[in-house]
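Number of protein chains: 2
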Amino acid sequence: MSQDAATEGDLRNTGMSLKHDREWDYELDRIVEEIEERDASRVGLQFPEGLKRRGPAVADDLRELCDDDVTFMLSGQPCYGACDLDTYLMRRTDVFVHFGHSPMKESDKIIYVPLFSNVDPFPILEEAVDELPDEEVGLVTTAQHMNRFDEMVAWLEERGYDVHTRRGDDRLTYEGQVLGCNYASADIDADQVLYVGGGKFHPLGLAMEHPEKKVLIADPVNNVVTVADTEKFMKQRYGAVHRAMDAEKWGVIFCTKIGQGRMEIAEEIIEDNDDAYLITMDEVTPDRLRNFDMDAFVNTGCPRITTDDGPQFHKPMLTPGEYRIAVGDEPLDSLSFDTFHGTW
Amino acid sequence: MSQDAATEGDLRNTGMSLKHDREWDYELDRIVEEIEERDASRVGLQFPEGLKRRGPAVADDLRELCDDDVTFMLSGQPCYGACDLDTYLMRRTDVFVHFGHSPMKESDKIIYVPLFSNVDPFPILEEAVDELPDEEVGLVTTAQHMNRFDEMVAWLEERGYDVHTRRGDDRLTYEGQVLGCNYASADIDADQVLYVGGGKFHPLGLAMEHPEKKVLIADPVNNVVTVADTEKFMKQRYGAVHRAMDAEKWGVIFCTKIGQGRMEIAEEIIEDNDDAYLITMDEVTPDRLRNFDMDAFVNTGCPRITTDDGPQFHKPMLTPGEYRIAVGDEPLDSLSFDTFHGTW
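Residue numbers (full-length UniProt numbering), protein chains in the order written: chain V, 1 to 344; chain X, 1 to 344.
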């Protein structure tokens with residue numbers, strides 16, 4: 001993932017660098033209770049990349065609270081989202097704790113600890129309302145700010161807004177939640193949507209998925225209000241599509257991660273195109289694809305890999321929709337954001 | 001993996017670049033027969049890194065020989081050895097073909113296609129015998145030259161040698177075979193061992209594991225004969241051990257790949273050391289460890305990662321034996337090569 005500092009309004013890069021330091025509630029008591037209740041001897045802990053360095057301290061705290069015979073294991077698998085559940089470690093431990101994301105797979109062995117942000121969203125909302133002229137407004141946020149969602153709705157209503165929210169579809173856990181690959185919670189009856197959260201990828205997807213709406217970004221972590229601008233992103237994507245138009249050999253990537261498997265889409269492409277080859281993998285990285293002698297790739301897995309990491313691959317990397325444009329099945333202006341809907 | 005050109009006798013780096021181009025027998029007929037016999041509709045193909053670019057052509061050849069309703073899938077998982085079996089793809093296909101390595105796990109769904117080298121080993125053997133003064137000689141080679149093993153034994157015997165060979169232990173498939181992590185086939189009653197093969201890692205392990213023997217490397221691919229020299233390698237390892245001696249926080253890596261799981265060793269370390277944390281992962285890469293705030297790492301998985309890739313990690317990376325030296329449990333001169341024996 002790119003960690004470049006992105007300029008305001010430039011949605012090409014998302015970043016994990018944060019201006020505010022945050023504290024998290026790891027819900028140690030709930031975890032200890034589960035460990036005791038199940039008489040667990042092996043406990044797996046999985047943290048998102050940005051919090052992996054906190055893992056040993058959390059393990060220390062848990063060791064102090066638990067019997068000596070409990071072994072704690074930290075997942076070293078890359079973890080950027082709810083799809084990155086370490087199923088290997090999960091299957092081999094009695095209790096498995098996944099920190100920082102909402103549930104993608106339910107199992108009574110898994111404890112999801114959401115890690116809600118302790119950053120106060122209201123100062124930045126105060127600035128945001130200056131740029132929300134209409135009475136009707138949609139409100140969406142990411143998992144880490146869900147703990148303040150109801151308060152934010154009430155806050156906006158107090159200021160005279162008619163706040164539209166919805167749960168989206170089965171892929172989403174909370175009302176008003178967006179994922180990097182799903183913006184169904186913004187399918188609401190308002191011309192302006194307020195996105196509260198950090199990062200650039202979510203509001204970008206939101207703006208691409210709902211081009212008829214004004215998407216206002218209120219980032220309580222970096223303390224900025226911006227209007228989502230998809231222009232630079234669109235240029236980058238059209239560039240990738242154009243470079244792939246001459247491709248003869250296509251690598252069609254099927255991602256094996258939970259929640260990312262779109263086999264029908266992958267198989268449809270290889271059935272129609274004799275020069276397309278199905279490649280399966282879990283982590284989709286430039287290194288792994290370098291040894292494949294392809295002219296271009298189509299990624300049916302996480303859209304973030306295609307759009308955020310895309311420029312790092314040695315050959316053009318397209319979404320399934322962009323592939324159809326590149327091979328001439330769809331017109332250029334059909335370019336859209338790649339999203340996952342429903343269940344999987 | 002490092003692909004630096006290594007100088008002769010310098011065993012610190014192994015390489016995948018080859019001077020001779022090789023052709024391989026993919027055993028298409030055997031694969032097609034299995035596909036038809038099982039009425040398979042999904043077939044997985046897994047190639048080692050160096051041969052991944054041949055994958056699409058092999059898939060094309062198979063498509064021509066099979067019914068249209070058979071879907072071929074290429075594994076995009078990294079593959080450097082027999083441990084890198086793509087079990088995800090294996091479980092989700094009717095027939096799974098693993099090219100280039102001998103079996104690490106048996107299943108009647110898996111076809112192992114060994115990909116024996118077609119390089120003639122006898123010209124380089126002719127040069128090698130000048131440096132084998134004793135009558136008694138051990139002979140070992142890697143999986144890819146096993147097809148000529150009996151001929152090589154006979155060839156040496158014709159020249160008056162008493163050739164010692166053995167199968168090694170359960171981890172090895174063939175008589176005379178070595179793996180990067182197992183040199184039990186060189187436990188023979190001779191003071192000189194002839195290793196026929198490319199790369200630097202195998203003869204290095206061989207020389208480290210059998211320091212009392214002279215290890216002669218006959219590399220038929222790069223056309224060189226050298227005597228294995230462990231000095232530079234030892235210096236690098238002692239350097240890593242010394243740098244780790246001040247470490248407070250240790251990351252103990254348990255590799256989840258088939259054939260690499262040494263949980264007892266990992267658990268022993270974390271039980272004895274309160275500042276050691278168990279980290280589980282499949283691919284052990286510098287990127288994945290960078291987010292863990294440790295002072296040093298111990299790798300209980302593939303020794304090749306520790307010794308070949310070691311310098312690329314941001315903190316010292318030790319084998320379990322080296323860890324015991326670094327924490328003062330064993331004397332400095334106990335440093336040895338990390339090998340895997342028996343079954344797993």
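Note that these hints are calculated values from the structure, not bench results. Any given hint could be a false lead.
Here are a few chain X residues that face chain V, going by a calculated C-beta distance under 7 angstroms [claimed, not checked]:
| id | residue |
| --- | --- |
| 1 | 36 |
| 2 | 53 |
| 3 | 88 |
| 4 | 280 |
| 5 | 295 |
Example chain X residues on the side facing chain V (calculated, C-beta under 10 angstroms, incomplete) [as the list claims (entries may be wrong)]:
| id | residue |
| --- | --- |
| 6 | 44 |
| 7 | 52 |
| 8 | 57 |
| 9 | 60 |
| 10 | 77 |
| 11 | 267 |
| 12 | 270 |
| 13 | 279 |
| 14 | 287 |
| 15 | 289 |
| 16 | 290 |
| 17 | 293 |
We put the beta carbon where it would ideally sit given N, CA and C, even for glycine.
Against the structure, the hints come out as follows:
1. 36: 21 angstroms, violated
2. 53: Status holds, d = 4 angstroms.
3. 88: This interface hint holds because 5 angstroms falls under the 7 angstroms limit.
4. 280: 5 angstroms, holds
5. 295: Violated, about 11 angstroms.
6. 44: Constraint on residue 44 of chain X satisfied, holds at 8 angstroms.
7. 52: Result: holds, 4 angstroms to nearest chain V Cβ.
8. 57: Hint on residue 57 of chain X: holds, closest Cβ of chain V at ~9 angstroms, below 10 angstroms.
9. 60: Holds. Min distance 8 angstroms.
10. 77: 6 angstroms, holds
11. 267: 7 angstroms, holds
12. 270: Constraint on residue 270 of chain X satisfied, holds at 7 angstroms.
13. 279: 4 angstroms, holds
14. 287: 8 angstroms, holds
15. 289: Since chain V brings a Cβ to about 7 angstroms from residue 289 of chain X, closer than 10 angstroms, the hint holds.
16. 290: 9 angstroms, holds
17. 293: 4 angstroms, holds
Checked against the numbered hints given earlier, the structure breaks hints 1 and 5 and satisfies all the rest.
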